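Colleague: The chain contents come next:
Protein chains: 2
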Amino acid sequence: MDTSTRDLQAEVNKLQHELQALKVQHHSDDGEQITISEYLLTRLEQLGVTSVFGVPGDFNMRECPLPRVDYIEDHPRIDWIGNCNELNAAYAADGYARVKEHSIGVVVTTFGVGELSAMNGIAGAFSEMVPVLHIVGVPSTVQLKNKPMLHHTLGDGRFDAYTKAAEQITVSQATLMNKTHAAAEIDRILTDCITRARPVYLTIPTDMVAEKIPAKRLQVPLSRTPPPNDPDVEKYVLDRIAELVEEASKDIVILVDACAIRHDVRQEINDLLTKTRFPVYSAPMGKTAVSEAHDRYGGIYIGSISDPSIKDKVENANLILSIGALKSDFNTGMFTYSVPTSRTIELHSTHTQIRHALFPGIGMKQLLPKLTSHLRQFHEGASQLPVPHYKLDVPKEQDDKISHAFFWPRVGQFFQKKDVVVAETGTSSFGILDVPLPEQSVFLAQILYGSIGWSIGITLGAALAARDKQLGRTILFVGDGSFQLTVQELSTMIHSKVTPIIFVLNNKGYNIERHLHGMDRKYNDIVNWKWTSLLTTLGDTDGTLSNSYTVRDKAGLDKLLNDAEFAKADKIQLVEVILDKYDTPRGLQVAADIGEKLAKQALGQV
Amino acid sequence: MDTSTRDLQAEVNKLQHELQALKVQHHSDDGEQITISEYLLTRLEQLGVTSVFGVPGDFNMRECPLPRVDYIEDHPRIDWIGNCNELNAAYAADGYARVKEHSIGVVVTTFGVGELSAMNGIAGAFSEMVPVLHIVGVPSTVQLKNKPMLHHTLGDGRFDAYTKAAEQITVSQATLMNKTHAAAEIDRILTDCITRARPVYLTIPTDMVAEKIPAKRLQVPLSRTPPPNDPDVEKYVLDRIAELVEEASKDIVILVDACAIRHDVRQEINDLLTKTRFPVYSAPMGKTAVSEAHDRYGGIYIGSISDPSIKDKVENANLILSIGALKSDFNTGMFTYSVPTSRTIELHSTHTQIRHALFPGIGMKQLLPKLTSHLRQFHEGASQLPVPHYKLDVPKEQDDKISHAFFWPRVGQFFQKKDVVVAETGTSSFGILDVPLPEQSVFLAQILYGSIGWSIGITLGAALAARDKQLGRTILFVGDGSFQLTVQELSTMIHSKVTPIIFVLNNKGYNIERHLHGMDRKYNDIVNWKWTSLLTTLGDTDGTLSNSYTVRDKAGLDKLLNDAEFAKADKIQLVEVILDKYDTPRGLQVAADIGEKLAKQALGQV
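Quick mapping for you: the protein sequence lines, in order, are chains A and B.
full-length UniProt numbering applies: residue 1 is where the first sequence begins, and numbers increase by one.
full-length UniProt numbering applies: residue 1 is where the second sequence begins, and numbers increase by one.
Simulated from the structure, these hints should not be mistaken for laboratory data.
None of the values given here were measured: they were computed from a predicted structure.
Ideal Cβ positions, reconstructed from N, Cα and C, are used throughout, including at glycine.
Misleading hints may appear alongside valid ones.
Stated by the list, open to error - Heads up, simulated PhoX-like pairs for lysine-lysine below, C-alpha to C-alpha not over 25 Å straight-line: (1) A:K401 <-> A:K559; (2) A:K164 <-> B:K145; (3) A:K554 <-> A:K391; (4) B:K370 <-> B:K235; (5) B:K250 <-> B:K14; (6) A:K212 <-> B:K212; (7) A:K469 <-> A:K508; (8) A:K508 <-> A:K497; (9) B:K164 <-> A:K147; (10) B:K179 <-> A:K597; (11) A:K571 <-> B:K530; (12) B:K250 <-> B:K311; (13) B:K401 <-> B:K370; (14) A:K179 <-> B:K597; (15) A:K600 <-> B:K147; (16) B:K250 <-> A:K179; (17) A:K164 <-> B:K147.
Unchecked claim - Label-pair restraints from in silico Cβ distances: (18) A:K164 <-> B:A555: 52 to 62 Å; (19) B:Q601 <-> A:P221: 35 to 45 Å; (20) B:K600 <-> A:Q46: 41 to 51 Å; (21) B:D542 <-> A:D156: 12 to 22 Å; (22) B:H356 <-> A:Q20: 27 to 37 Å; (23) A:G543 <-> B:T544: 44 to 54 Å; (24) B:Q416 <-> A:E45: 55 to 65 Å; (25) A:M177 <-> B:K600: 14 to 24 Å; (26) B:D542 <-> A:K396: 47 to 57 Å; (27) A:D393 <-> B:R77: 46 to 56 Å.
Claimed, not checked - Some chain A residues close to chain B (C-beta under 7 Å, calculated; not the full set): (28) M119; (29) L144; (30) K147; (31) F159; (32) A161; (33) I213; (34) F330; (35) L538; (36) L560; (37) L561.
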């Protein structure tokens, strides 16, 4: 991605917004006055935020007359979700933002101790391009200047240390040091958050929370529209693409990836498919960007890890139209893409690349609709290209044990339209790749950043967003090792009355790490927990709000998945699935083999 | 503290060490070769490290032929303690270092996802001056140079972003980019860690772990000796102090604080007390620096929060000899010290201050023994000064409910010689201040940094260190709110076979935050857990390794504390103590009142 272009875009947006805002204010500086907190919350409401995550701490509460978390608790349309810890809160905000497109995730923590605990969650949102606002309650403006030895400080007067750390993992930062600039600063970082789809960092000193500022500015909405593409360049690009499509005769495939979701071109891609009928495949991080039930959808392409028939179709196409590619190691089958640049067109949010030629500033959001009109002439030819139906049969196996080869296709049959499916990094995110998900379902995994434990917090946020959007069930797949990192958030799920189904894959340790290295190492073993007691221990004390199950064999799994009461998911449910310690999904095994080969090569080179 | 002097000291140490090391190597570059991992582990062993904490991840394991965590697991005298998550691992390393004086805590994490999760724990160790080594397994040197889009990265090629964040919270950093400098780099950061008593950060690329380097350098031990004080200045300082002591006639008190523990002058202070018989008091962070059973010990001084008789004795003394002061808000009763500089002598690790005159470079480690000889003449006079015996009676209360006023003195009677007592930030750390601890006991609390959830990880590390040092029981006091942040580490305690006694103060929420702000706010409520099921759910699946209890009234608490089987602590034990939602320890109530007053003043000023 072209960072400088993106920065310029953001700058243009900000200036336009500021100009409008100043015009409004100019005419009515003496209008209604509201507190800075109210201003911020109204902006969040305008962005569709209904849940704010976090942990209370004194710097985000204690200020008089009304503290910040109080404001949230008192807000009629925004709920305060109190998490068990800050990392989990950051994950929840990430999950919320992923499901609730066009909105953002918000996490509130306190100075130092709170915000640093959230860092890994925020960094993950940065890496995977998820818009999250991190609000930190900090000491008063006077204290920030005088630097007394307050609790939560490093004890050496460096009050800016935490902000410096945050600069590494957020695209924009602001500290509200005076009320004159507060509204403009809030608008600036929120605009960065929504246009760049990455986390931003806002610190609010305790004495700023209740300061009054003019409300009028709120009438100017925040803008997420990217600046227009240069018409001449755009026309050239469109013609050039049409030529190449023509040359490729009918053998063209579309490959969708993460940025198609993050930069909001799913509808545009759907229109392109309807009009052109080109076959479409998806990278792992683009899973569900195009409906996996679409008749022109052929499955997941992940380099050498792909199903051989998919690999063949994609790599041998005359032309690949790649949309929103994000070529990370795990997303490309450990860099095993075999798609030459000379046969590729790449569309990105801020630039276009046709074979080796780069066109900066030509973004896909505006290009795609025009491309669709331009290419509709190929509809008939492309329609004739067969796309093998993407499905996964449940294998017939001799024994009763639940193998990965059995498990993933079997749960595939359980999924319904509009389900939100969350897969933990590692075994689960590899296992589910081959499973086609139903129409309008949403798939969440953290394939680039890959922080274990992520999926528990994510499930909380995703389930709350799914409730807002009237989606279906939220279903999580997580291994026993990963679950242990962030388990306490089950408590917040119970408290928030969301009812996900949680499959805990119990294989007695860090399965992915075992396969990457150390098959029988003690450090890959974990302590076995009584998984089915977790929900009643961590909040459902009288056992009325949840159900827990252990399934040990194929028949047990079948019976549960066929149970209509279970499938209704009107309580939170946890299913412990007993798996063999050494068994692993196909994709993970292939990835581990490639990884080992690469590691050996690397050592040979040194 | 004088940072520049300290930096110079560290520099001198390093150069001296480097010089010695070069001399050794010069004579035998062709001697025994060992891997960089072995070199590092041998250095750790020399520093007395027996447990290393962490979470495995692929960048700290996968390298061939033998990965780093493998090295630790295979080491005969260093145990690998696999934690549930990285924050908890960092806390455990902090707790280990605090109890195991003259050693360090070590935590191992993986690139990005692991290290960032540990940040808050490392920052706490920085703030409170605890020597912790953070080892991070990172991509290979080739990858660090070429910057492919690997998992665990931010996706934008900034491979140095995590190190930049770490620079904010560690005193020294090193990345082992080649084998030539590896040993010197390891020695440099370890020397910084032990001499500056603060965290350091070491990243090891996967391809460096098994590189061979000469072993010979290990013969030169790491030095922690501070450089000598300037003899002329030191003599002047000693004479001046003696004069002031003379002028003060007999009315002199010693006040010990955090840095007396962190900079290792407990023995020197004990000698001073034996020879001079001056009365001695302690700040909260200095609790147990001097035995609380000492006949010249008068209790805890914490400004306006102090017991009035202690406040009177300290603030009206003619001269206060302050040793290792750390004047943070909570450690000074919200900055309510009433001890004028004109009656104070302050001894620090790198400087001395006599009234208003500063003497840089005159450190207490070497000054104290000389001061002791110098001042022994005052023995007789000082002995006549009465020091009220520091004790806390259990009050007679009418009702059965366990109040804080009852609870803390009652558990005080339960403590034994050599117990390690851990108090969570907030209610517990305030509650325990008035309780005298027995001889040779160790007290741990995080009063400056104040990160909730800290004490759970700390208890694991402290209990392992206590086992090494043949100390007594490890006893934790933690509130239900704080416990929820880091609860999973109970699992590691069970696995590591340590047997702490854990008192969970169940008051249905964030008690300290309630008192600081928002008495009936929902955000200060937490979900009630089945506390007595935690240990059997999180690892003691057959219930043979642990016991859990709920005590609801005074009689129940008495009965349990009088039970010899319970007191033996040969299993891990959890005691849920039911307390009133609004009750609070005396000290916390006073602190909250002062805090509120200050906040109102601050707003008045703005």
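Colleague: Taking the numbered hints from earlier one at a time, note which ones the structure violates and give those numbers from smallest to largest.
Modeller: 5, 6, 7, 8, 13, 16, 20, 21, 22, 23, 26, 29, 30, 31, 33, 36 and 37
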